[in-house]
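Chemist: Chain A is already provided as a structure; the job is to place chain B on it using the hints.
Here the protein sequences come in this chain order: A and B.
Following the working numbering, the numbering of the first sequence begins with 192 at its first residue and continues without gaps.
Following the working numbering, the numbering of the second sequence begins with 192 at its first residue and continues without gaps.
Do not rely on the hints blindly, as some may be mistaken.
Remember, identical chains collapse to one label, so a pair may be satisfied in a single copy or spanning two.
Claimed, not checked - 35 Å max Cα-Cα, derived DSBU-like pairs, lysine-lysine:
{"#": "1", "residue 1": "K590", "residue 2": "K324"}
{"#": "2", "residue 1": "K547", "residue 2": "K424"}
{"#": "3", "residue 1": "K324", "residue 2": "K424"}
{"#": "4", "residue 1": "K324", "residue 2": "K547"}
Think of the hints as simulated: they come from the structure by calculation, not from any bench.
What follows is the residue order along each chain.
There are 2 protein chains.
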Amino acid sequence: MQQTVTSGASARLRVVVVGAGFGGLSAVRHLRHAPVDVTLVDRNNYHLFTPLLYQVASALLDPSEIAHPVRAVIRGWRNVSFRMGALTGVDLGARRVDTTAGTLEYDRLVVAAGSVNNFFANASVEAHAHPLKELDDAMALRNHVLECFERAAVAADPAERRRLETIAVAGAGPTGVECSGAFAELSRLVLRRDFRGSAMDAVDIELLEAAPAMLGSFAPSLQRAARRTLERKGVAVRLGAGVRELGEDGAVVLEDGSRIDAATLVWTAGVRAAPVAELLGVEPVRGGRVPVDEWMRLPGHPEVYAIGDVAAVQGAGGPHPMLAPVAMQQGEHVARQIAAQAAGQPAPGPFRYFDKGTMATIGRNAAIAQIGPLRVSGFPGWVMWLFIHLIQLIGFRSKVVVLISWAWDYVTFDRPVRLITTTRRRSTPR
Amino acid sequence: MQQTVTSGASARLRVVVVGAGFGGLSAVRHLRHAPVDVTLVDRNNYHLFTPLLYQVASALLDPSEIAHPVRAVIRGWRNVSFRMGALTGVDLGARRVDTTAGTLEYDRLVVAAGSVNNFFANASVEAHAHPLKELDDAMALRNHVLECFERAAVAADPAERRRLETIAVAGAGPTGVECSGAFAELSRLVLRRDFRGSAMDAVDIELLEAAPAMLGSFAPSLQRAARRTLERKGVAVRLGAGVRELGEDGAVVLEDGSRIDAATLVWTAGVRAAPVAELLGVEPVRGGRVPVDEWMRLPGHPEVYAIGDVAAVQGAGGPHPMLAPVAMQQGEHVARQIAAQAAGQPAPGPFRYFDKGTMATIGRNAAIAQIGPLRVSGFPGWVMWLFIHLIQLIGFRSKVVVLISWAWDYVTFDRPVRLITTTRRRSTPR
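For reference, chain A alone in the conformation it holds in the complex:
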């Protein structure tokens, strides 16, 4: 492939990677030894280990244990630089992206912008429900739930107290299951002792799933195991229970018209691709994703790649599920393509996803895992889950501190981060 150098400053390929999530960071990591210059752009200054987000929301982990500064990650990679900014425009002709931190020219563009919440145009849910996609979401949810419990402790009206102690979780995928399990344990194992004397044992966790089954991507035997475990922990699992809206009075209204008077609605029922299809001038496919070929290339623009949640591979095996391993493998594949181009070597074959398996945890001592033909549940699954997540965390310090936090929680039933904090922003004159 011929390389077009649009600026005379350097003969090295200039690669811009948008998004420092699993996909973008994987692409950058696999380009770190290639003869290219990489600029990584993200609107946050950290990479977020989203699988543990629910543990921040449930007061177990501190933000810094799952969020790692991008500049710290790329410190040793001499051909990589970082800009904190949001993508605002793409000029495919001029090979230029606009960001809130300035304009960047590229020879290769990798769009790894991830996904955003899908509230399915339900305005009341979008306005009042708590999503669980971003670090800020997790902290806002933690604050909100702890505040509800504080208010419940002094509520005179029993109905109001019950409302404040009811948490509805919409969506019984892995996030919803993990989140409801974690809140059940937070209230039954931790907060009940904090709020002795008040009616904390009345805390009601409702896991709501519109589909007839929970954890749709898992085998039925594991679905049943997960449900049994959740129910033993005190979670009420309701299948075929889609959320229609949030009522004026704050109650969760289900599709069948029934109501759940819950002060908290956690929304894990849908995600869609980040809205970049329009910026790239393509018609999005299902879920708002950008259609790409089996090399994750934009139609008509082989120098532009889209990977991860934002991309839908058209062809054999695609589109792939919106999962971190897909994004990471696609990031590596795209990096190998770009490195081959930079070195004048032949391109690798089309992308093929290697499914290493999926898992979900349901609280202490319980998780489910599905690895090829293998089905694991209960304690063995949980130990596997712990081990796999721990080794995936970036940084030695995070591993140690998360391990201590988990061990502390396991032994003492104590969640150290049950703090209600807000971050005010000071206004600045300019």
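Modeler: Here is chain B on its own, set in the frame of chain A:
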């Protein structure tokens, strides 16, 4: 002393303690075995270890390492309960306090509401400067400084870049000294490697003090040692440099009319008592403090005590400095008085402050300490500082995690919490 039981429910003294800071928590801790019922009230759900607040601001520690949930602290104390709420009124006649979490009747009231920032009615400073009193302040300051550095990295105009990389710290007491030292190290040891290639070594830390000396409460030899250390770390120390205002353009204007074009002004130049004197119906003395006798009792109301920053003892030894050890000793003294009353024993003698000494740290390997006739500076002072602060932290987990964080920073020059996060609040319908 005769006990007045205003409700027939219990013959035990009902003690309300307002404030879960050093003073209030000390009072409650020393009442935990007394035959009284204690209600602790605080507007936050955590006790804050304020001496390490600057380490949260400088991206070294996570909030949960210095903030400990009040309910976790009092878990084992069967006669103590907690309410999260702010004090809104006191009815001295009816012996009743109003809080945002309901009304409480008391037989004994301990007001330990602490102090707030004093901007000396300077509206521009109050609106735009970053104080460092609360956990939220520390996180807001961390976000702001990291964001300024990110913006500096892409700033085209050298003057704007210099402005973004200038941090002015007003007030050279222990907080100002510790804060400026910490930011100097953050920028020179940590961020310079994060922002390689950009002009991060141009970061300018200006420590501004209106008085002719810094660290006024320390001996001159220690003041000189602290100044030398700060200057070696790259902090410009300006004495006799009071802040007059923040200009329209955001520049810091000094009393002599000179200007410092700084994107960040940290305000550690003044505190005053929390505004409770009016609620208690007394004329405040200097610093807005509540005048009390040598038993910390309100004039005319021996059942009401004020301790710590909020109180000014009239009489021998008083008023005492606004320091955590004063508040803790006064809390213990008041608890002993109330316990004696509950047990029908004679009251202890008047309060006498035992000064165990003061210290301040100036960054890695350097601190100053003044303990009676002893003056310690440099590395030995620093080791003492580390040790004393570590053992004062509440909870085994915090001690371990803070120790790991300090060791990690010391060995790797890495500040793990350099995250720019905001906590949105979801609106709730009711």
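Chemist: Now tell me, hint by hint, if it's right for this structure.
Modeler: Consistency of the hints with the structure:
1. K590 <-> K324: So K590 and K324 pass the 35 Å test inside a copy (22 Å) and across (31 Å) alike.
2. K547 <-> K424: within (29 Å within a copy, 50 Å between copies)
3. K324 <-> K424: Only inside one copy: K324 and K424 sit 24 Å apart there, 40 Å across copies, limit 35 Å.
4. K324 <-> K547: within (23 Å within a copy, 49 Å between copies)
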